[in-house]
Amino acid sequence: MSANIKMEKVIRLMNQKGLNGLLIYSRGVSNMLSPSYLQYLAEFRPMGPRNAAVVTKSGEVVLMVDPPWDSFRASSKTWIKDVHGGSDFVKDLVGLLRQLKLSGPVGVVASREMTFDVYTAIKKVVDVQKVDDILEEIAREKTERELEVIRKVARITDAGAEAFIRGVRVGVREYELVAELEYVMRAEGADDIFILMSSGKHNNEMHEPTDRRLREGDVIIGEISPGLEGQFMQLCRTVYLGKPSPVLHEKYDILLRALDASLAAMRTGASASVITSTMNQVIGEAGYGKYCGPPYMRSRGHGFGVGSIAPGAELTDKMQARLERHQVVAVHPNQYIPETGYLACGESVLVTDTGVERLSKTETKLYVKER
Amino acid sequence: METMQPLLKSGRTAWDRINMPVEEFHERVKKIRKEMKKEKIDLLLLYGNGFNEYGNYCYLSNHMIRLPQGGMVVVPTKGEVTMMFEGAARGLPSVRKMTWIDDVRPSGDVAAEFVKYLTEKKICPSVIGFAGLRRLMPYHQYQFLLDSLAGCKVIDSDHLLNEFRMVKSRTEVLQIRRTARIVAGVFDFVANTPFTEPTENVLEAAARREARLEGAEDFRMMILKPSEKNGAFRPTEERPIKSGDWMIIYVAVEFERYWAEAVRTFAVKESAFAEIQHETVKTLYENILQGMKIRKRMSQFYKETRAKIAKAKFEEISDYGMGQGIGLSVKELPLIAKEDRTILADGMCLSLRLGIRGKELGTIMIGDTIYLSKAGPEVVTR
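Residue numbers (our numbering), protein chains in the order written: chain A, 1 to 371; chain B, 1 to 382.
Don't take every hint at face value.
Cut-off 30 Å, straight-line C-alpha distance, at most; resulting in silico cross-link-like pairs (BS3-like, lysine-lysine) [as the list claims (entries may be wrong)]:
1. LYS121/B <-> LYS369/A
2. LYS97/B <-> LYS201/A
3. LYS121/B <-> LYS97/B
If you want the ones that stay clear, here's a sample from chain A, every Cβ over 10 Å from chain B, calculated [to be verified]:
4. GLY28
5. GLU60
6. LYS81
7. SER111
8. PRO294
A few chain A residues that don't get close to chain B, going by computed Cβ distances all over 10 Å [as the list claims (entries may be wrong)]:
9. ASN20
10. LEU33
11. ARG73
12. GLN99
13. ARG112
14. GLU162
15. ARG186
16. ILE193
17. ARG213
18. GLU250
19. GLN320
20. PRO338
21. ARG358
22. LYS369
Hints are computed from structural coordinates only; laboratory data are not their basis. These numbers were taken from a predicted model, which means no experiment stands behind them. Ideal Cβ positions, reconstructed from N, Cα and C, are used throughout, including at glycine.
All chains should be modelled from the sequences, with the hints used to inform the complete structure.
Pasting the structure below:
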């Protein structure tokens with residue numbers, strides 16, 4: 001979607017809501033679970049703790065960034081022509097609202113990221129209307145460019161998964177393993193990475209890497225999620241270090257079947273709730289129904305990016321939303337099973353009219369590393 | 001210096017109780033309670049969030065939130081200290097490994113959890129001190145707290161933590177030294193490693209791996225290429241590094257919650273990075289450093305430094321500041337700035353950055369983490 005089309009949509013939705021302007025805020029965090037609305041609009045990843053874009057009904061757009069010297073980077077990245085680096089952000093933002101003659105109802109996106117001083121200052125000038133949904137609605141439709149980036153992220157994820165599987169060996173510490181796969185993915189072009197993992201005979205959760213050294217007989221689980229230009233992908237894999245018991249194979253197979261069944265139920269227009277309900281049904285039929293809820297599992301998956309399905313939240317069997325074409329969804333029957341501990345198994349897929357397209361080329365299976 | 005915030009702090013997560021003994025936290029609680037008594041504060045809230053601003057919360061808890069969420073420590077005048085963090089209950093076992101506090105409460109919203117805490121403990125404080133809340137807490141949570149505490153007197157207690165955090169204990173200085181060694185190691189690695197046709201991203205990835213393998217919990221790197229139009233510090237990109245490039249590299253590392261940072265200027269020759277070692281600049285830097293003395297006001301040090309740069313007939317690069325305190329935050333008080341009247345004290349850890357331009361010199365930046373004691377300033381990142 002070109003910037004012009006994006007802006008046309010923004011202005012149309014502003015008019016529909018009777019807004020005189022729109023302020024999109026960012027505290028400089030662009031996280032997989034809380035994507036930056038400002039990054040989506042400006043096509044620039046903010047850095048400092050306070051950044052905002054202001055849009056008027058006539059289509060004027062101004063971007064303000066903090067720290068001031070980041071305005072050079074911002075100018076070279078964003079399509080927005082008018083970029084300022086404010087030395088006193090709150091004062092400058094209020095000044096900008098006045099300069100653009102904005103008053104009355106003004107939509108604010110990402111107001112939850114604002115601190116007391118920012119919010120109270122703008123509230124003195126305009127009538128704040130919280131309208132995150134404006135950008136979420138526009139962002140629902142993935143552009144060709146976004147799909148291109150997602151496919152690149154998929155290749156980076158594959159490189160990361162390969163490094164993860166290759167790096168598992170007796171004696172290596174958890175943080176050393178993560179250092180290697182982070183290196184591989186960054187060198188491949190990821191601009192950031194989200195990694196959780198765990199190792200042990202019986203894992204209970206995934207966490208940040210610790211000092212623990214991998215040992216023979218460990219189950220090593222990892223959630224590998226690189227990001228690039230605001231797009232993300234996630235892969236969950238399990239590696240066994242040694243010769244696994246038939247029980248581990250048998251239990252992991254339940255997760256594989258749950259994943260396959262969920263993916264088979266997904267297509268444009270299908271209820272998003274089927275992802276969780278199908279998965280839980282397979283796991284329930286295998287005798288683990290009572291483990292299909294916290295604290296034995298955290299989430300059956302989630303969407304990625306602004307306006308994606310269940311952004312920042314989790315897929316549940318109660319959700320009303322329907323899957324839409326070209327949504328990117330992480331589907332993961334990650335599950336605690338009493339005989340094996342927590343196991344990781346998950347894919348990211350692109351929703352299509354006929355089903356889903358698996359974005360990763362890394363085989364979905366229980367990986368075994370024998371000494 | 002400001003840097004890009006990560007998606008998640010994905011480096012080594014550990015609490016080495018030899019490096020940071022639990023007694024250190026008991027001592028901090030004692031000091032804080034003494035001040036609370038002086039200021040007649042019944043309950044003190046220390047708030048921190050995100051990747052850069054966990055300092056106040058971590059100062060007492062040793063815990064850091066690894067996602068862009070909030071955490072709060074509640075200190076009553078006596079009895080148990082309580083810690084609240086925004087995250088799922090299933091994360092509790094990991095969180096407990098990082099803190100000495102027994103009463104740890106996961107929550108979706110620390111402000112709401114605090115109100116629950118007051119009801120549960122049947123506490124009705126008359127004076128509540130807020131440290132970090134007004135500046136950092138999201139507006140909706142802050143307003144909820146103010147509304148819920150309508151009968152209490154809320155006072156700003158930022159100064160209380162600022163003062164304690166500015167002067168480091170011996171244990172803290174040792175932590176900063178450990179971190180500083182990683183920073184120095186990264187620069188040694190850059191200077192001593194041949195890179196074949198590297199891109200900026202590959203250089204960053206390799207430097208990051210070095211730091212991670214030494215235990216870095218967080219790693220930040222920015223570069224500045226003076227030859228670029230409007231050249232300013234920025235994250236690395238998928239761009240080639242060419243022989244002849246002149247590159248200023250900023251690195252900040254966090255190890256077991258404590259930060260250190262440094263800046264170096266390199267010239268790229270074929271596949272090697274050679275640090276620019278200009279005698280005049282080295283002498284100026286050393287001269288500036290020797291001016292950093294205890295009992296001097298920051299504003300005075302700032303003024304003297306600017307005068308020294310001018311006397312050397314260099315143009316000063318002031319965009320990134322001359323430096324600041326460093327510890328649990330990469331950027332904390334005091335600031336090396338005109339307005340900062342703080343008196344330099346024994347035990348402070350500071351970041352010093354010298355950025356200059358000269359006709360024949362080009363653009364050079366040099367900077368280090370400094371430990372200031374009665375013996376004078378000591379560079380810990382070399």
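### Task
Hints the structure violates: just list their numbers, smallest first.
Of the numbered hints given earlier, those the structure breaks are 1, 4, 7, 8, 10, 11, 13, 15, 16, listed in rising order.
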